[in-house]
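A.B. asks: Residues per chain are reported as follows:
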Amino acid sequence: MHSDVSTPHTTVVHPQGGGLVRTSVRGASVERAQGRIGLIFVSLYTLFLVAFGIMPSLYAIFLAFTKRGAFVGFDNFVKVFKDYRFLPAVEHVGLYLLVWLVSLVVLVVLLAVIVHAVGVRWLSTSMRFIYYIPGALAGASSVMVWLFVLDPTVSPVSFLLHAFGLGSFVETVQADHLPITLAVIAFWTGAGGWILVMYGALNNISRDVIEAARVDGAGPIRTAWFIQIPLLRKWISYMVILSFAGGTQLFVEPRVLSQASRGVVSQDYSLNQLAFLYAFKQSDFNGSAAISLVLLVVSLALSVYFVFRGGLFERV
Amino acid sequence: MSASDTPLHGTDSSPGAWLGRATAMLVLLTFAAFFIVPLIWLLIAPSKTDRQLLLDPPFALGSLNTLLDNWNSLVAFQGGLLWTWIGNSAFYCVAALAITLITSIPAGYAMALTEFRGRRALLAVTLIVMLVPSTALVLPVFLELSAVKLIGNPLAAILPFSFFPFGVYLTYIYFSTAISRDLLDAARIDGASELQVFARIAMPLATPVIALVGFFNFTGNWNNYFLPYVMLPGRKAPIQVGLAELLSNVPQFNPTNAASTTISLSALALATIIAIAPVMLVFLFAQRFLVTGMTAGGTKE
Amino acid sequence: MNTLRISLALSALLVASPAISADGQITIWADATRQPAIEAFEAAHPEVKVNLVVDDGSSGGSGTFQTKIALADQAGEGWPDVVFSTQQNDAAWASKETNGVQAFAMPLNKGFLDQAFLDGYIPGALDPVTIDGTVYGLRNDLAPVLFWYNKALLDQFGYDAPKTWEDYQALGDKLAKDHPGYFLGSIGDSFEGPYIYYWSGQAPVFQVKGDAFTSNTTDPNAKKVIDLIDHMLKNGTLTQDSVFGASFVAKADHLVAIPGPAWYAGALFQNPGGVNAKPGQWAAAPPLTWSNGDKVTGNVGGGVWYASSHTANPDAVKTFLQFIVSDEKTAGTGGLPAYKAAADKWLDAQAKSGFYAGDFKGAISTAAASVWSGWGFPNFSPETAWAKVITPGLAAGKTMADLSADWQKEMQNEAQVVGYTVN
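Residue numbers (our numbering), protein chains in the order written: chain F, 12 to 327; chain G, 32 to 332; chain Y, 7 to 429.
If you're looking for bench data, these hints aren't it; they were derived computationally from the structure. Backbone N, C-alpha and C define an ideal beta-carbon position, used for all residues, glycine too. One thing to keep in mind: the hints can contain errors.
Some chain F residues judged to face chain G by a derived CB distance under 10 Å, without partners named [what the hints assert, rightly or not]:
1) E42
2) I51
3) I141
4) M155
5) L207
6) L253
7) R273
8) S303
9) L306
10) S314
Throw the hints in and build the complete structure from the sequences for me.
C.D. replies: In structure tokens form, the structure reads like this:
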């Protein structure tokens with residue numbers, strides 16, 4: 012059956028040793044057909060992107076630099092920076108990010124590699140399931156769980172809390188420990204999903220490559236470090252970028268704790284919470300947009316680094 | 032053959048290897064305990080009365096009677112509103128899932144394996160939009176949907192739910208690492224049209240990523256609180272918003288409400304379990320497709 | 007643009023938004039607890055069509071009311087006709103024009119409702135919603151602070167029930183000496199300190215005048231409250247455990263007395279998950295006051311109904327509001343009604359059960375009518391500052407004397423960010 016695409020002048024050579032070397036001259040119509048199908052395939056998504064991504068983001072940028080429609084330059088940013096809650100919030104988010112990002116990347120990759128290497132099928136499946144389930148408890152539904160788990164008098168892990176010298180709920184959610192507590196909660200709900208992604212990525216690594224490494228005498232650790240992890244470069248970059256952005260936008264976990272502790276964890280703990288308060292408590296959508304823009308710029312800066320370091324835009 | 036069928040580092044039985052395996056198992060099980068202990072607590076909680084929750088040991092079992100009482104009080108709340116909430120969630124998430132898959136998978140494929148003008152720009156814009164804090168997007172999206180008079184209509188949740196740049200990117204990375212362009216070119220040389228290349232070559236190999244994207248989309252939307260909170264109040268609310276409403280009827284969280292419809296903490300625990308059960312089920316279903324391992328490309332013979 | 011037109015056309019077929027309608031229907035936003043009362047209204051007034059949207063009533067600091075109205079203001083549509091909020095300080099923002107949009111709350115005493123109707127309220131009930139003489143909402147229920155005591159225990163120990171804060175402290179001393187382990191209250195919840203002790207103690211730590219917020223923790227009354235709390239914390243007769251927490255419930259049989267709001271009756275004493283009292287064991291008494299001070303008390307809660315200034319159906323709204331706050335069967339929606347006639351009936355019904363010893367009706371009526379009007383209702387709560395500063399500080403071993411200045415500063419900061427001037 013002939014397609015409507017002509018492919019003249021193509022020569023294909025198969026040298027020994029695997030791999031296809033293409034020495035073809037592509038027909039212009041192949042390129043055009045590809046281009047056409049590419050555009051068709053992204054069209055519906057682009058529609059959504061414009062409606063729910065681009066236009067709202069542009070509006071947010073507009074809000075950040077205006078007040079009641081009039082351009083005011085950086086006034087909104089100055090007002091936000093001078094807010095007595097701003098610097099503490101930055102500090103909170105910074106500390107949280109440090110604990111969260113490092114532990115997430117290290118532990119997710121570690122656990123994914125181990126789960127992948129496990130030989131027993133049911134064990135691997137059930138581990139993935141167990142690691143993932145807490146992800147279902149992200150958000151509003153988990154208030155009650157944390158109210159109990161973090162209270163040494165009723166917690167199922169009270170021995171652990173007592174070991175850290177914590178005697179009451181108020182002590183556990185104390186401001187000093189909060190970055191760690193929040194990172195633990197975020198890890199608990201978020202790690203499972205990324206472990207799944209990494210597991211899937213590991214599955215895609217050709218077994219021949221692993222076999223070759225084994226034949227060469229590499230043990231599991233060397234295989235992981237020198238073969239698997241480098242091949243996961245793109246996925247790990249993706250995870251770092253999104254987790255960094257997610258971390259700067261810390262919102263759900265402190266909000267949940269704020270509700271569970273009835274205010275001991277304050278409602279303005281993180282920058283994103285501050286943006287929320289600006290918008291809905293102070294009726295200041297401009298200040299809120301300014302804070303969001305600051306968060307975006309910071310995430311963007313790091314992402315640019317990782318996009319190029321991790322080769323996210325490259326293709327195989 | 033799935034990657035987990037045979038161990039990668041098989042039957043090497045030297046003491047070093049054994050120690051390594053034992054350590055790995057220890058790590059695995061420790062984390063399993065870390066993840067599951069609070070959930071075991073949660074599962075037991077609805078069988079205890081509030082008094083037992085506070086005073087009994089955390090893992091002490093309660094009674095079946097209490098469980099039934101809690102169930103009854105939940106189901107009776109506002110005349111079975113719990114099921115309406117679950118039904119709403121299911122409707123919004125399934126509808127959004129369908130639209131997401133239709134829009135995201137082809138888009139990811141196109142960005143990974145075809146060439147067209149604006150490809151890199153689209154990738155960049157997708158990534159940037161993913162980084163914008165959602166707090167900033169609430170008002171503009173609300174204004175947009177209000178302008179087309181969709182507030183209070185299920186589409187007000189379904190449409191934003193279907194915008195899933197995370198899934199597009201996931202698909203993009205997957206297709207660009209797992210499928211070689213050479214494989215597709217071979218098909219093109221054989222005379223396949225672009226559509227056939229996509230449908231016959233790429234799609235069968237894409238089962239894991241479709242399952243992954245679908246699963247993340249479903250769960251993310253199921254757990255989404257703030258968007259439906261502003262778009263769909265009242266009887267159209269999904270289960271997360273409903274849980275928050277239940278919460279406001281628990282004296283512990285709302286002490287000043289001299290409520291006649293009081294929900295006890297253990298009933299709230301039961302509601303939480305009901306709220307997360309569908310996600311569990313979807314995960315168990317999607318698991319099978321996630322595991323379908325496959326070798327990279329098809330050209331490394 | 008074409009897409010927009012297409013979706014507009016499509017959506018015309020799918021419209022179902024909870025907006026104002028001009029055809030005799032009113033949209034009400036209220037929480038689940040108010041639903042029985044609203045259904046009673048629908049039965050009594052079938053000519054008014056009600057579209058009830060159930061939400062969380064803005065409880066627990068969720069700010070639902072303010073959030074949704076902010077969005078509706080921006081969109082220029084989508085306001086309900088009537089809103090219920092469990093908070094008392096919404097009039098602070100709802101009475102003001104915001105971002106160029108008219109104030110949401112409709113003034114109710116400038117001709118909309120008869121003054122005769124408004125006079126039927128227990129004196130002081132409308133203070134939180136009265137700004138510069140204009141009434142912006144109708145109080146649904148009251149939660150005045152009174153004094154609860156364990157009659158059985160007091161009789162057993164041979165003590166009299168205290169009538170003043172000084173007596174209360176003295177009782178604490180006696181208990182600490184003769185019966186250690188028995189206690190007289192808690193400040194572990196953030197609503198206790200500000201409302202039960204400072205407000206009842208007539209301490210001017212939370213006051214609003216126009217756009218100015220003042221807080222003075224060095225005022226003589228404030229100092230008396232600080233000393234009282236520190237003294238009783240020190241000798242163990244005040245606990246830092248939340249009244250809903252495991253530790254409190256475990257020792258609830260050692261609770262000899264506790265000043266607290268009227269809803270402690272259901273939430274604490276008659277609750278098996280709380281104090282779990284037996285009939286006749288506990289009694290209600292008029293609120294504690296300073297021995298040489300005014301006979302005032304505090305208040306912890308009580309929701310409010312607001313009418314929308316955008317409503318297209320003011321007559322229906324008027325009928326609804328008048329019914330919902332004064333109908334003798336359903337007013338108060340489970341709590342102490344704020345409307346006098348309904349309150350009397352409610353108290354009679356409650357006293358009939360005979361669960362509480364003492365003059366239940368008299369104690370609560372006295373408390374309801376003596377809420378101190380000098381407390382402010384700005385657009386933020388003293389509880390957030392208390393929970394942020396005092397609760398962790400006390401847990402770390404500091405005293406109220408150490409922490410009060412910080413608490414004042416935090417409240418002043420919060421006032422400034424929501425637009426008050428602080429002097």
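A.B. asks: It remains to establish, for every hint, whether it holds in the given structure.
C.D. replies: Now the hints, each set against the structure:
Contact between E42(F) and chain G, as hinted, is supported at the beta carbon level, the nearest pair being about 7 Å apart and thus within 10 Å. Because the closest C-beta pair between I51(F) and chain G is about 8 Å apart, less than 10 Å, the hint holds. Nearest Cβ of chain G to the Cβ of I141(F): about 5 Å, under the 10 Å cut. The hint holds. Annotation: interface hint on M155(F) holds; nearest CB of chain G at approximately 5 Å, less than 10 Å.
A distance limit of 10 Å between C-beta atoms decides the matter here; for L207(F) the minimum to chain G is near 7 Å, and the interface restraint holds. Hint on L253(F) holds. Least Cβ distance to chain G is approximately 7 Å, under the 10 Å limit. A least Cβ separation of about 7 Å between R273(F) and chain G falls short of the 10 Å threshold, and the interface hint therefore holds. Because the smallest distance between the Cβ of S303(F) and any Cβ of chain G comes to about 3 Å, under 10 Å, the interface hint for this residue holds.
For L306(F), the interface hint holds, since its Cβ comes within 10 Å of a Cβ in chain G; the closest pair sits about 5 Å apart. The beta carbon of S314(F) is positioned within 10 Å of a beta carbon in chain G (closest approach about 6 Å), and the interface hint is therefore held.
Violated hints for the displayed structure: none, as all numbered hints are satisfied.
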